[in-house]
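A.B. asks: Sequence:
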Amino acid sequence: MKPKSLLSLIPLKEIRYVLLDMDGTLLDKYFDDYFWEHLVPEKYAEMKNITFGRAKEELLAKYKTHEGTLNWTDIDFWSKEVDIDIPALKEQIRHLIEIHPHVEDFLHMLRRHRKKVYLVTNAHYKVLDIKLKKTNLGGYFNAAVTSFEIGYPKEMLEFWERVERKLGFEKEKTLFIDDTVAVLKTAAEYGIKYILHKT
Numbered sequence: 262m263k264p265k266s267l268l269s270l271i272p273l274k275e276i277r278y279v280l281l282d283m284d285g286t287l288l289d290k291y292f293d294d295y296f297w298e299h300l301v302p303e304k305y306a307e308m309k310n311i312t313f314g315r316a317k318e319e320l321l322a323k324y325k326t327h328e329g330t331l332n333w334t335d336i337d338f339w340s341k342e343v344d345i346d347i348p349a350l351k352e353q354i355r356h357l358i359e360i361h362p363h364v365e366d367f368l369h370m371l372r373r374h375r376k377k378v379y380l381v382t383n384a385h386y387k388v389l390d391i392k393l394k395k396t397n398l399g400g401y402f403n404a405a406v407t408s409f410e411i412g413y414p415k416e417m418l419e420f421w422e423r424v425e426r427k428l429g430f431e432k433e434k435t436l437f438i439d440d441t442v443a444v445l446k447t448a449a450e451y452g453i454k455y456i457l458h459k460t
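Converting from the sequence shown to the numbering used here requires adding 261 to each position, the first position being numbered 1.
Do not take every clue at face value.
To be verified - Listed below are the simulated EDC-like cross-link pairs for lysine to aspartate or glutamate, each with C-alpha atoms no more than 16 Å apart in a straight line:
1) K446 x E422
2) K395 x E422
3) K290 x D440
4) K377 x E431
5) K387 x E307
6) K387 x D293
7) K304 x E342
8) K323 x E352
9) K395 x D289
10) K454 x E422
What the hints assert, rightly or not - The calculated label-pair distances, taken between Cβ atoms and stated as ranges, are:
11) E275 x F313: 49 to 57 Å
12) V442 x K274: 25 to 33 Å
13) I311 x K274: 51 to 59 Å
Quick caveat, the hints were computed from the structure, so don't treat them as lab data. Bear in mind the structure is a predicted one, so any value in this text is a computation, not a measurement. Where a beta carbon is used, it is the ideal one built from N, C-alpha and C, also for glycine.
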C-alpha cells in the first residue's frame with residue numbers, strides 16, 4: 262500500500278471519503294490465521310482430549326457453516342460454541358498483531374489531503390479494541406464502524422445502506438479498499454464508485 266503507487270490507481274482529487282477494511286488490508290492476517298487455525302484447535306484438542314488434526318477438522322467445519330454471517334467474527338458466539346474464552350486467548354497473542362508495510366505512510370497521505378477516513382470492519386468490537394490499542398492507528402480515522410454495530414456483515418447490501426446513513430458519505434466521491442472480493446462486489450453493487458482490491 263505505497264502512497265505513490267496508489268496515487269497512480271486512484272483519482273485522489275475526485276475522492277472525498279475513504280473507507281478502509283482492517284484485517285488483511287491495514288493489518289497482516291497472520292494474527293487471525295494463527296489464532297483460528299492453530300491456537301484455538303490446540304486448546305480445543307486439549308479440552309476434548311482429541312488429536313490436533315481432529316480438533317482442527319471439527320473447528321474448520323464449524324467455522325465454515327457461519328462464514329458470511331455476523332457469527333463468523335463474533336468472538337462471544339465462538340466462546341460459547343467451543344467453550345473457550347476467545348477474548349482472553351486473543352489478548353495472550355496480541356504481540357502478533359502487525360501493520361502492513363506502508364499503511365501509516367498511506368494514512369498520513371490521506372490526512373495531508375484532508376480526506377474523511379473511516380474504518381469499516383466485520384471484526385468484533387472487542388477485537389477492534391485490542392487491535393487499535395496495539396497498533397495506535399485509531400487516530401487516523403474520523404470514525405470506526407463494525408458490522409455488529411450496523412447489524413449486518415459487509416457482504417450484505419443492508420450493511421452499506423445503514424453505514425452510508427450513519428457516516429454520511431457520498432457514494433460517487435468514495436474510495437473503498439478491502440481484501441475480500443465478495444465484500445468489494447457488494448460495495449460496488451451498492452454504488453460506491455472507487456473500489457480497490459488489496460492483494
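A.B. asks: Against this structure, judge whether each hint is valid.
C.D. replies: Evaluated hints:
Taking the CA atoms of K446 and E422, the gap is about 15 Å. The hint holds against a cut of 16 Å. Distance check on the hinted pair: K395 and E422 sit about 31 Å apart at the alpha-carbon level, beyond 16 Å; violated. With a C-alpha separation of about 10 Å, the suggested pair K290 and D440 falls inside the 16 Å cut-off, and the hint holds. For the proposed pair K377 and E431, the alpha carbon gap of about 11 Å is at most 16 Å, so the pair holds.
Annotation: proposed proximity of K387 to E307 is violated, straight-line Cα distance about 25 Å (limit 16 Å). The straight-line distance between the Cα atoms of K387 and D293 is roughly 14 Å, inside the 16 Å bound, and the hint therefore holds. Simply put, K304 and E342 have alpha-carbon atoms about 13 Å apart, close enough for the 16 Å limit, and the pair holds. Simply put, K323 and E352 have alpha-carbon atoms about 23 Å apart, too far for the 16 Å limit, and the pair is violated.
Note on K395 and D289: the hinted pairing holds, with a Cα-Cα distance of about 13 Å set against a maximum of 16 Å. Between K454 and E422 the alpha-carbon distance is near 15 Å, which keeps this suggested pair within the 16 Å criterion. Between E275 and F313, the C-beta spacing of about 51 Å keeps the proposed range 49 to 57 Å intact. The hinted window of 25 to 33 Å between V442 and K274 holds, with their beta carbons roughly 27 Å apart.
At about 58 Å, the beta-carbon gap between I311 and K274 stays in the expected band of 51 to 59 Å.
The structure fails hints 2, 5, 8 (numbered hints given earlier, in ascending order).
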